[in-house]
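Number of protein chains: 2
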Amino acid sequence: MRVTSFPLMTLRDAPSEAEIISHKLLLQGGYIRRVSSGIYAYMPLMLKVIEKISTIIDKELIKIGCSKLLLPQLHPGELWEKSGRWEGYTAGEGIMFNLKDRHERSYGLAPTHEEVITNIASEILKSYKQLPVCYYQIQTKFRDEIRPRFGLMRGREFIMKDGYSFHSSENDLKIFYKKMEKSYENIFKNCGLETIGVDADSGAIGGAASKEFMVTAYAGEDSILYTKSGSYAANIEKAVSIPKESKPIINFNKTLIETPNQKAIEDICKFNNIDATQIVKVILYLGEFEDNTKVPIAACIRGDQNINEIKMFNLLNEIYDSNLINLSIIDNQSLNNDNLIDLPIGYLGPDISDEIINKNSQWEKQWIRIIDYSASKLKSFISGANQVNFHKYFKSWKYLDDTFITSDIRNAQEGDFVSSEKKETLIEKKGIEIGHIFQLGQKYSEKLNAKFSSRNGGLENLWMGCYGIGVTRLAQAAIEQNHDNEGICWPIQIAPFNVVLIPTNFKDPLQKNLSEEIYMEFKKNNIDVLLDDRDERAGVKFKDADLIGIPFRIIIGRDSINNQVELVSRLNKNKLKVSMNNILESFINESKLMYN
Amino acid sequence: MRVTSFPLMTLRDAPSEAEIISHKLLLQGGYIRRVSSGIYAYMPLMLKVIEKISTIIDKELIKIGCSKLLLPQLHPGELWEKSGRWEGYTAGEGIMFNLKDRHERSYGLAPTHEEVITNIASEILKSYKQLPVCYYQIQTKFRDEIRPRFGLMRGREFIMKDGYSFHSSENDLKIFYKKMEKSYENIFKNCGLETIGVDADSGAIGGAASKEFMVTAYAGEDSILYTKSGSYAANIEKAVSIPKESKPIINFNKTLIETPNQKAIEDICKFNNIDATQIVKVILYLGEFEDNTKVPIAACIRGDQNINEIKMFNLLNEIYDSNLINLSIIDNQSLNNDNLIDLPIGYLGPDISDEIINKNSQWEKQWIRIIDYSASKLKSFISGANQVNFHKYFKSWKYLDDTFITSDIRNAQEGDFVSSEKKETLIEKKGIEIGHIFQLGQKYSEKLNAKFSSRNGGLENLWMGCYGIGVTRLAQAAIEQNHDNEGICWPIQIAPFNVVLIPTNFKDPLQKNLSEEIYMEFKKNNIDVLLDDRDERAGVKFKDADLIGIPFRIIIGRDSINNQVELVSRLNKNKLKVSMNNILESFINESKLMYN
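Heads up: the sequence lines are chains E and S, in that order.
Be aware that the first sequence starts at 0, since it is given in numbering that gives the first Met the number 0, and climbs by one per residue.
Be aware that the second sequence starts at 0, since it is given in numbering that gives the first Met the number 0, and climbs by one per residue.
Simulated from the structure, these hints should not be mistaken for lab results.
Possibly wrong hints are sitting among the right ones.
A pair holds if it fits inside one copy or across any two, identical chains being indistinguishable in the list.
Below, a list of computed lysine to any residue pairs in the SDA-like style, where the Cα atoms sit at most 25 Å apart [stated by the list, open to error]:
no.: 1; residue 1: 62; residue 2: 525
no.: 2; residue 1: 522; residue 2: 64
no.: 3; residue 1: 58; residue 2: 527
no.: 4; residue 1: 125; residue 2: 3
no.: 5; residue 1: 58; residue 2: 492
no.: 6; residue 1: 128; residue 2: 8
no.: 7; residue 1: 81; residue 2: 322
With the rest of the complex left out, here is chain E:
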């Protein structure tokens, strides 16, 4: 391509709207333009990156026998009602844009395609002989995000690769899931990215097992906990660990402890010579279910630990038949709403009375009491006395009634042991999720009645897996991982061009001819080359090349007269003077190094 017919459209100034560097560079480099909140146009440079990523994905997925197709973006509401997700995705969380057509029929703009593909599978996959099958697509998806931000990172319109596999047994699903895991590792490696695969929560998609692939980067929204040896890696949403030992309580003789204005853990510790590991803190939540049940919850955890609300969400979903829609902290506002009669916040204990729930409230009239293992393992502990300005010494849990549910509702954290052997500890890093694979099991096939006749003749629900990659997100994460003060430093595998030719003065006939010659030779050798044939100062061209991040530049300057050009690496600014006759070979050799 030539810059005169492939305009760059870089901006002189960094746009103020961008919060993170990759977003800023995408805008300033002319890769994207904002059309509305969370909605961007992919300009020609960006589309080239997207196409390169897509080609890498295609190659790996076809290798493991996947078939590419394209499913519709407008999904009939009935299909999502069958799977039980319509309410939650529209009225509930409202993540799915939705509309009525001219005949008042409801449609959703697809954020994901389990319903549509399972419905098609139910029509075409009739026998175990046709299995396994994996379909995938690369397509624009929609999500009505509450707070769209970070450019393509959390947009409302974005490109995903989503794939869905169908199997005749759980075992076959597991085998294919492993293949896909390997395939994902290849894809990200072939994109030139450093990623970590981590155990993850399955979220609204559901299913048995799932793994996320994270690009490590400072601006990541996710926290990854992993061991140095690589033996363990998980998203904080899901990570389990052994917290450090608690200090035993010795010779404590008071039962009631006066703790005036000591609501914070650190104050109690300071004024009473107590360690945070000796305290059980109690946090109250309200769980709202799809069937309108409202359940008050008392969550108990060791004083130095933090509640993991996703673990708690999943636990409640397991316990109850109805779906949990919302989980929120109970604060003093609940008193004003007449749901609670009294709420000594800062002084709550695990034995908080059911009596404080107002008889006229819409809430259930009993606290669901959940104790995290970190608290349940304490022999004795200090906690609130359910009375303002007082805490209490609990000699043991056994003096409390036994309606407690004991579970893991704790955030793992850096420094925790990874297992009870206490050999390895966890390290924390920020990451950007760019891929997610799930073993869905039979969740969707059961709801959408997608059955096949098995080897023994009976009808069974199809076993399913699903596999996503955020294509536009990956592109931006690549920038977050690969940039410097001058701009983007694309991995060569997904750069819009591999090399840019910069004649310092295109009006000079010698430079022009030399540039054209190199351009034609590179094109003939299928090298993705950009010729900056603008009538601009060399400085402008250099600045643009740095900003948009082409991995190599060839400068055709004053040494043209000696048939010499300069090959410069974007990443480390290494310069090579090369004779015109060797430039193709030199470029190929230099660029090869970047592919590993």
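Put chain S on the given structure of chain E with help from the hints.
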């Protein structure tokens, strides 16, 4: 690809829902699956066809300097309000699906992208030095069709190539438009299609000139009128012609003619010895404008001719400042609505009185009288007497008042002369529109304030063109033009595979080995080959190959033992016995013939 990992999913029986053959074959061949009314999944075979068409388009457009990008599908309502199209596309005709996001902001699902691209152009194209520029994309579009039908032909979700060019002068636009016209001809030829380019109405898109590209096919929804010599071709919407001569009226002496129950032209002719060319028929319309004005219209045309409502629509839009939203025939219903006092339908004359418009009606109180040239050229004529059971002899138009608008509001038809020289006559054929190019002029740049600084330093509105190809429509039109009783006969250029290898018995080790050998050799030579490696009867494989329409098949059968295979053409079933050593060469030679 191998059929075992690229499943065909053909259906045994033709689906009953399909009205036309191409739709039937797409469903039966497993190319598409219906998800909702007018909404289809493109299965792997279909996606391959779409990708081949896209590649052909990309190649030609890049040749003339176009840049590919990808614009969003969700468009903010404000942008369409600026161009003045929001009302018409949503509340009006309602062609645009639309929704409100979680913040109650309006968005449309894009059927076309003039607004978005012009808005971007207004931000990045600042100087004549950056012009001309042409951006295009290949993308899913949405239309809430009143009656979706014919599969991908008139769907609600479909794939389009849409391009938009920006110029510093009308002349430059015209030059580029010509280039694009040539480019379109190449694209369709390279897709292996027979098309006709015709003058067309610009419709809701607007602009100065436009041309449609039609695939000629029996099931086409459009009528094309053209001359044998190719000197003229137009869509009936737009075609102009000279109708055959009228018979002069000689020695007619009555003024009032009693015509009891003779409402139809043919009855009047029969009972009164009159020729249809001697009659002026009057049809009443109501035009409803965006500013809520409702205008009653009396359209006069020669008795043997038919009104072209699109021409009339455009004429009214030209005359009035406000946009015409709807044009409907006035019938007796209007009497019940108290808009008209009396309506002698079947006996209407050009001098129909304004008095019959009810003073209390919301309508304008004067008829807009439009005479088609076919009627205005009549010296004397018969028409209704505005009195039931009576017609009148009009000695000349000059006795009527002169508020008539004279214009072309007539449908051209087969047999008409193409010009006043009366040399060539028109032929009619049905066609399927697959492409449309427009000279938009400054319509959108003016409304969206997209200005550039011109060579002389002043600010001017950008000149624009826009260029569409219905990609999925083209695919289906290709089938409509290329099929037989057994199934699809794809032009090789856009066939999902160029050749299918059919071992008649894949369990036979000899056949299996030979098949694998040919498969690997063809793949190595970049030939798009499908290997039917199923453990199925040969008959099933042949039937599938015919149905899905792969241009060539190579049968590896009993002659394998002599190292011989059979090369068969899908189109004419020609068979060649070929030795294994020559099969690649033979295939290349035979398939080459199809590329011309």
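Each hint tested on the structure:
1. In the homo-oligomer, the alpha carbons of residue 62 and residue 525 lie at most 25 Å apart both inside one protomer (23 Å) and across protomers (17 Å), since each shortest distance falls under that limit.
2. For the identical chains of this complex, residue 522 and residue 64 are inter-copy neighbours only, at 16 Å across copies versus 32 Å inside a copy, given an alpha-carbon limit of 25 Å.
3. Within a single copy, residue 58 and residue 527 get their C-alpha atoms as close as 18 Å, and across copies as close as 15 Å, so both meet the 25 Å cut-off.
4. For the identical chains of this complex, residue 125 and residue 3 are inter-copy neighbours only, at 15 Å across copies versus 55 Å inside a copy, given an alpha-carbon limit of 25 Å.
5. In this homomeric assembly, residue 58 and residue 492 come within 25 Å of each other (Cα to Cα) both inside a single copy, at 13 Å, and across copies, at 23 Å.
6. Taking the shortest Cα distances, residue 128 and residue 8 sit within 25 Å of each other only across copies (13 Å), while inside one copy they are farther apart (54 Å).
7. Taking identical chains as interchangeable, the C-alpha atoms of residue 81 and residue 322 lie at most 25 Å apart only when both belong to the same chain, with a minimum of 15 Å there against 44 Å between chains.
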